[in-house]
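Protein chains: 6
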Amino acid sequence: MDFMPLNGRQFPRFSGIKTFYRLPYVTDPNLDFNVAIMGAPSDAGVSYRPGARFAPSAIRDISSLGRSYHWNHDIHVFKKLKCADVGDSSVDPLSIENTLTLIEQNSFDWIQAQKKLLTFGGDHSVTLALLRAFKRYHKTPLNFIHFDAHLDTYPAAWGHEYHHGSFVRHAIEEGLINPSSSLQIGVRGPLAGDEDLNVNIKYNLKYITTDEIKIEGLKEISKKLSHFNGPTYLSFDIDCLDPAYAPGTGTPVPAGLTSFEALWLIRQLSISNLVGADVVEVSPPFDQSQITALLAAQVGHEFLAKML
Amino acid sequence: MDFMPLNGRQFPRFSGIKTFYRLPYVTDPNLDFNVAIMGAPSDAGVSYRPGARFAPSAIRDISSLGRSYHWNHDIHVFKKLKCADVGDSSVDPLSIENTLTLIEQNSFDWIQAQKKLLTFGGDHSVTLALLRAFKRYHKTPLNFIHFDAHLDTYPAAWGHEYHHGSFVRHAIEEGLINPSSSLQIGVRGPLAGDEDLNVNIKYNLKYITTDEIKIEGLKEISKKLSHFNGPTYLSFDIDCLDPAYAPGTGTPVPAGLTSFEALWLIRQLSISNLVGADVVEVSPPFDQSQITALLAAQVGHEFLAKML
Amino acid sequence: MDFMPLNGRQFPRFSGIKTFYRLPYVTDPNLDFNVAIMGAPSDAGVSYRPGARFAPSAIRDISSLGRSYHWNHDIHVFKKLKCADVGDSSVDPLSIENTLTLIEQNSFDWIQAQKKLLTFGGDHSVTLALLRAFKRYHKTPLNFIHFDAHLDTYPAAWGHEYHHGSFVRHAIEEGLINPSSSLQIGVRGPLAGDEDLNVNIKYNLKYITTDEIKIEGLKEISKKLSHFNGPTYLSFDIDCLDPAYAPGTGTPVPAGLTSFEALWLIRQLSISNLVGADVVEVSPPFDQSQITALLAAQVGHEFLAKML
Amino acid sequence: MDFMPLNGRQFPRFSGIKTFYRLPYVTDPNLDFNVAIMGAPSDAGVSYRPGARFAPSAIRDISSLGRSYHWNHDIHVFKKLKCADVGDSSVDPLSIENTLTLIEQNSFDWIQAQKKLLTFGGDHSVTLALLRAFKRYHKTPLNFIHFDAHLDTYPAAWGHEYHHGSFVRHAIEEGLINPSSSLQIGVRGPLAGDEDLNVNIKYNLKYITTDEIKIEGLKEISKKLSHFNGPTYLSFDIDCLDPAYAPGTGTPVPAGLTSFEALWLIRQLSISNLVGADVVEVSPPFDQSQITALLAAQVGHEFLAKML
Amino acid sequence: MDFMPLNGRQFPRFSGIKTFYRLPYVTDPNLDFNVAIMGAPSDAGVSYRPGARFAPSAIRDISSLGRSYHWNHDIHVFKKLKCADVGDSSVDPLSIENTLTLIEQNSFDWIQAQKKLLTFGGDHSVTLALLRAFKRYHKTPLNFIHFDAHLDTYPAAWGHEYHHGSFVRHAIEEGLINPSSSLQIGVRGPLAGDEDLNVNIKYNLKYITTDEIKIEGLKEISKKLSHFNGPTYLSFDIDCLDPAYAPGTGTPVPAGLTSFEALWLIRQLSISNLVGADVVEVSPPFDQSQITALLAAQVGHEFLAKML
Amino acid sequence: MDFMPLNGRQFPRFSGIKTFYRLPYVTDPNLDFNVAIMGAPSDAGVSYRPGARFAPSAIRDISSLGRSYHWNHDIHVFKKLKCADVGDSSVDPLSIENTLTLIEQNSFDWIQAQKKLLTFGGDHSVTLALLRAFKRYHKTPLNFIHFDAHLDTYPAAWGHEYHHGSFVRHAIEEGLINPSSSLQIGVRGPLAGDEDLNVNIKYNLKYITTDEIKIEGLKEISKKLSHFNGPTYLSFDIDCLDPAYAPGTGTPVPAGLTSFEALWLIRQLSISNLVGADVVEVSPPFDQSQITALLAAQVGHEFLAKML
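Residue numbers (this note's numbering), protein chains in the order written: chain A, 456 to 763; chain F, 456 to 763; chain R, 456 to 763; chain B, 456 to 763; chain C, 456 to 763; chain V, 456 to 763.
Looking at chain A on its own, in the form it has when it is part of the complex:
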């Protein structure tokens, strides 16, 4: 098996069974490849608009437009990196707790087989499950780079500790990530209150707001991006983008990043060992002409280029 996308010049991009980037679908962790691309179709943790359960399917569909060659980095991504679609994790649509357990187990199977892992969510609670699996394997808290409009350090809601707005707080408190070597990018207000901000202060979790990016400019901001040494995880909530660029999401916040800003910032990141990454919170029922799903697929391609 050559782990190459189906050739669009022979088989039109609208044809064929849809897998991520038209890559082969494999289920055997013992096969020799580098990156497992997995879906995590759960919206069991959302507070407003559901629909992220359909994201893996929607992203598979439009990722058929994906191309291999990364012009900026001059890399044939899929030639350099053997990638495969490993299908969707099991989930329990009626229980966030069960879903977290299932995703942790499913992802651990691939991590243990020494694959890097790119996951397409699902709402942002799935990242907690993924971080648990990585922690179990690496035994050490990971560096964590987090693109989001929200801090996701929010308190419990409706009596639930675990939901899509609290996973960062839990990841810190469970020792899954190291806040002092972590960074949040794209956060912005308004906020519900100052509880979440206080979590950042308490744990010394740094962030770069959308406003800083816009006012200081990309080149200045890129100087603030430190090098990430050691096992690092990258989580990308599509709502870091402005709703004009990503209408298909659950809790949109105006005045966000442009697609160029987000993709360019990813490219400037210096990461010695990106072990896992995800793109979450795409909600296809609210997408328009697939622009959100397409962008999610391209973010995934940027992440793959970082995994080389």
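Be a bit skeptical, because a hint or two may be false.
Since the list can't tell identical chains apart, any single copy or any two copies may satisfy a pair.
To be verified - In the DSS-like style, the derived pairs of lysine-lysine whose C-alpha atoms are separated by at most 30 angstroms in a straight line are:
#: 1; residue 1: Lys761; residue 2: Lys678
#: 2; residue 1: Lys534; residue 2: Lys661
#: 3; residue 1: Lys657; residue 2: Lys535
#: 4; residue 1: Lys661; residue 2: Lys761
#: 5; residue 1: Lys674; residue 2: Lys661
#: 6; residue 1: Lys535; residue 2: Lys661
Please keep in mind that the hints were generated in silico from the structure rather than gathered at the bench.
Since we're looking at a predicted model, the values are computed, not measured.
Add chains F, R, B, C and V to chain A, keeping to what the hints say.
Using the frame of chain A, we list chains F, R, B, C and V on its own:
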């Protein structure tokens, strides 16, 4: 307070705070009125498309087009029956179990205050909570009339007994409804298997399929509708309609009823004491030009006319 | 000039300047042709959803799918009847009164030139202007056949006598139509009250409800359709259809006619002299995949076949 | 391999790689199964709205809602019939001629391996390729049952003999089907002219119009359905349905069949040996809430039940 | 009454009767609170796409996503400022003149009760009515800050002096605003002619074009923003944004502001006494996934922060 | 004939037969005017999403919002330049080769009559036909300015040399354009491979990437824009814009230009003799609220201002 809808000839129907049928919003169960109209904004029990959490809001919006006078019955519904929007039940978006408890309690408050209750869901699992509240008050199993494409006697799924496809089975097993004085209307295939059909057989729960309605004709079918004596509950899953009439739903099934067939059949029902009713499974993110929500509002109006 | 539609086998139907049915656009009333097809792009009289101002443009666009040969009647409509698109009437988007005056004058120009007139509205208030023009020419009240969900004999609203729900009352009171040789088809409830029904009773204006059509069946109903002798006008409000068939309208009413029922009933009408007709209340911003506009175009084609 | 759909009670229907009905994806014709389900993603032959190239993908997606048990026939379709998704045929998006050749070859591979074949188009020109493959295998013209709004016996257009409106004429002239044991169902006007009707007369190709079905009623019409003896092919153009039921199509025609009428008529067909079938002309860019694609999937399920 | 939004961690944001920002709905001007938030549901003055009549309802709906804490200003807006939804102004959908009178009277009631007023339109003609009310109360022309793609100093159209493109000219000529202490932001071409520009010159009404903002940069432009001393009114036409950010509007103009640019510029404004503000020209029928309405709600939140 | 757009203050912009910018429709090349505006409704060359065949019609529709006066250049475009809608070129929807021939011939008729030509496509393959016509007339390769996300120097696909991704390569190889006096603007990755980049290198075809524009800034980039001396052609693929600004296109690429960036760059171009221009790849079925078509119309207006 006169419990009349806002007058559309004075205040245009697109204006004003949106309540069901432009009725007054009240929160005091001790006020003197006949029917409490409540939202139950939960999709915590769905298996495929979520979105029913937005249904009460969407139905409030378009119900501003509602009119009072029922031509067929020659009844000024809102003149004869004092109705009020009592707001939405509390729900827990992350737990179907908690949601069932909350809706049961919220609805019981109104039932206990001797109001009839019209509920706009929400997915179909909310009906279980409502039936529990009615049973608690009436102490006796209710007659149950159930419009649906599905039998909703399905087994557990993903390890969960309670979901939107199993509520009828539970309602029977919990003694909330009396299957021998109940009727399902509009059911049709294909089915996942014969487990659900076997539940019908086991409990002698009668049904009229969509095919019978279409082939025998409305007038013939209406002869099969028995009189319902005693406390009766009416539950209307919008997916009994064909997807052309109700695209905004979670688990659509082709070859369903037309809007006329459904509304006409409701009119033919002979019910001595309709104590409660609901319209469920409207999923606004999948609706088109509000046609599903508008139909739900009109079904509700038919139900009110039956509560006189 | 041959007054034939552009040939779709030579010039694809998606190409070319869009006119009604791909007919020639003419502005000279002295040209020798039979039917002037005019747009009346006004929604100055609507009570709920506006948008009918865009209907002539939307119907021109999709009417490019129109075909000439009427299979049921075995008539090559555009071969037998010289038809032309005469453009849109002037309108005043900020005044219903001015708009009525402008449409009356614009339509009179064509009527006076002895053209039959097919008009695509616009909201239903435009029909009042058209009837005034016909009355001015014919000097006598016309027979009036009216497809609609509503009786349109509604009282004044927000202090205005003239709006899209009161035109029938005015047409009677101004002597434009003869209620005793008129007929309303497709009306249904709920109604706001009994004021409008009382107008029907007062003037002996007959109607056939949607319910009668559905329950008695098309063949039985067609027996109730009398012959219309003398100058007759036909007005078709697209909301006589069920919202599933015509989502793109301003004040939809569930449980309406199917497209087949409406078109078949038109075909059964026996009219000795159909001098004018209109299709109104298409609201393109609420249409889906142009199904409402396409149906309006086909209704227009049926009307043309009746003008032979 | 058990050729059973993925179990929805274990793996939610929104999860997993999308194949037709959640069946296994196989590429080896030598495997032991009964029905090959293939996509033919071509709209190279359309005259108005393109988009059918996306239909196989869209139908795979929503067919995850499909159920196995056919209530009317009391058949567990996927238990009785081993079915598999065999992927999409090769196509050439820039040439209808090449596409016909590719589909003929691809389908022949499965036919030769003694599979029955269910194909999801694509525009209706793909049926010509499929019929050529069947003729090549069976050596004899097939019986042909054809649901459609159009006769598809249209002349050449823009200088092209082969397009989506002429395939029936070619199928007759190439000896692929036997017109005297064929039947068209659901055809209706208006027509472009009488050329196509004359082809029917010339070859004695019978048809049942939509009008006959509506006016005579389903039970009467079913008496006109003869038994089809010998190798028979069934082609279903989704535009036989009314645009309310199937908005997502390329050349919609108002006043069509309802979903119930179409599905019920299929069930009444008596066919001794249904060797192949297709569902064509679904155009997802014009679909609304997937209702057209869902209906196409259900029609496919009806066809599978006929292949037993 | 505490004038706080409903708590989203207790009552999910998709639940409950929809008011602006989930604030209490009050009708008594004598209650003790600071800001009246009113809807003005009129599109009686539009020239192209109608639909703004539905804006207050749509903004109420999505403003449930609003948060209280303004991160940039470090202000808990709803804790510092008692705000209430005061419902919609009366309007006359058939007369712009009557509508202006009704809105003027309705808004005056709140102004007179010494409330600040935040209004969600409606088309831009409603601002004229609001300015008249403020002038009546303050007796002096107000400072006027105006975000818009258009100058709105356009001449009469179709014989009407008053429409949504002429209100600034009238506000100056009626002495409602002081042009020399006013500013237009975001205007851009193409223009219909130079008549409107000449009005600006004649009255010395300053403006900052979108081009200046884009080319000079936000920091440079902010230096041009003078301090506004005395009673000031802020009017925000959503079409100052690019159609990518605000598709749901009546007369979109490409190459507009981004959401960040608009919100950031608002924050830089120095206003000693902001007595009133509005957000107008949102047209929900043309919105996509509510992004325009959501942005309107956030602009309103920025305005509230300026009213402290 | 005055070649002026219909006056919007007299005839509302939503009324009338739709032509480009409400200009007169003319078919006689001998009339005395400057610029022929033509539609080229073909998507016979697309590789992914079709639909560009509907672009001329969609752009005509929304171009009714167009204004004449170019504020930046202080030019009354339609007063200075006599423009006319010359209708659509003939096309063959089933053959890209025939379509290229037809468009070449149709456009040559206008070029030969010494009109400048502004064409609204159609997919990008139509530009090849247009360049052939210009070469035939001017006898010399043209300067070529090309806005696009793609290089369009791609190899053959599915055995076809000519498709919408290869036209630049063919234009160079056929000697239609002079690569050394040409420029591509807005190109970006990822690419399918390096074949297309190698074509640029081989022929010394310069380009400015989107990344350069974003990072260096518009003012810096404008310094890189050389003067174009001699007959020059300008081709604008709408997909040079980000999908947020132009969702309605066939092969969208994230991280593109904003509408302001594109329009501003056009304005900075210094072209001594712009003989022709086009705007291509608008695909209305994927557009949202017409924002893509509106932008295309405005780009066309910028081009007209360059033709003075």
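| field | Identical-chain pair category, Lys661 with Lys761, by Cα at 30 angstroms | value | both (22 angstroms within a copy, 29 angstroms between copies)
| Alpha-carbon proximity context of Lys535 and Lys661, limit 30 angstroms | between (33 angstroms within a copy, 28 angstroms between copies)
| said: My question is about Lys657 and Lys535: at a cut-off of 30 angstroms on alpha-carbon distance, are they close within one copy, between copies, both, or neither? | reply: between (42 angstroms within a copy, 26 angstroms between copies)
| said: Cα distance capped at 30 angstroms. Does Lys761 pair with Lys678 within a copy, between copies, both, or neither? | reply: Answer is within: at 18 angstroms inside a copy they meet the 30 angstroms cutoff, but 33 angstroms across does not.
| request: If the cutoff is 30 angstroms on CA atoms, where do Lys674 and Lys661 land: within, between, both or neither? Let me know, please. | output: both (19 angstroms within a copy, 25 angstroms between copies)
| What label fits Lys534 with Lys661 when the C-alpha limit is 30 angstroms: within, between, both, or neither? | between (36 angstroms within a copy, 27 angstroms between copies)
Violated hints are absent here; each numbered hint is respected by the structure.
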